[in-house]
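Assemble the whole structure, with the sequences as input and the hints as a guide.
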Amino acid sequence: MITVENNNYQELTGTALKVREHIIRMSTDGGCFTGASLSAVDLIVYLYSRFLNIKKDNLDDPNRDYLFLSKGHDVPALYGTFAELGLLEKERLKNHLLLNDHIYWHPNTKIPGIEFHSGSLGHLPSVAIGVAMDLKISGGTNKVVCILGDGELNEGTCWEAMLVANAYKLDNLLFVVDRNHFQANMRTEDLIPLEPLADKFEAFGAAVKRINGHSFAELDEAFGAFPFHDGKLNVIIADTLRGKGLPSIQERADRWFCNFNADEIQQLLLELHGEHQTTLTSETLVVR
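Residue numbers (full-length UniProt numbering): 1 to 288.
Derived by calculation from the structure, the hints in this document are not laboratory data. The structure displayed is predicted, hence computed values, not measured ones. Heads up, a few of these hints could be off.
[As the list claims (entries may be wrong)] Once the Cα atoms are required to be at most 16 Å apart in a straight line, the calculated EDC-like pairs of lysine to aspartate or glutamate come out as: (1) K55 with E115; (2) K209 with E221; (3) K209 with E189; (4) K169 with D230; (5) K200 with D230; (6) K90 with E21; (7) K209 with D220; (8) K169 with E202; (9) K169 with D134.
Take a look at the structure:
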């Protein structure tokens, strides 16, 4: 169940609720990475609504800001946000996984507003660094944001990228970690422990803030302080809940990818709005 934080954030809360509805509706007829997408909704809605200079009419403007979704399987949250903010026609979300469109499990640059394909984890921090470095050289004031998953941090390329970002003093670059504490079917700390995560980022030279990734007030405070320190990579660790908004799948290791039947979809939409918890019968996906 999603509750309104306070009057200052009613619009953001309402948009996030609608985006979660879109994610639920995309979680059938082939499914999607529902749990991971739900954890990132508030981050992505805030970024596009309050922080980034990205609008429908400036997607090709060299002065726009840039967002790279390295955690590409969260794309339902991104497309749902696009739909609510007018960057993508809402009707196109019904084409999820259909051959007549480009809306599927990972970002596709054929969708306006997508800067780069992603899917294989750990690659987009380096892409974001390239863009941030180019902007530094050319004198651009654009902001560059890269969203990473916490499990994605097991890829060595992420840490190599941080070394490079700090070597070149890319304080126009912001890494946002969706810290939902899960990687596929396991808790991150049961696989390859990440904590103390903030200390690790700081040891690599970054300026770090850690917040509740579902609090728009904390998001406001953290992003409002950007850049955090001259000459340093900026990092926000956003603690989130996998499956946020749906108690029936929240923090469940076996509900990272979901392919619900039509009845479950309707029940989950009611659950999102505070109705009784859904009894799920659809199969779970387990990978080892």
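Hints and how they fare:
no.	hint	result
1	K55 with E115	holds (13 Å)
2	K209 with E221	holds (10 Å)
3	K209 with E189	violated (20 Å)
4	K169 with D230	holds (8 Å)
5	K200 with D230	violated (19 Å)
6	K90 with E21	holds (12 Å)
7	K209 with D220	holds (12 Å)
8	K169 with E202	holds (14 Å)
9	K169 with D134	holds (12 Å)
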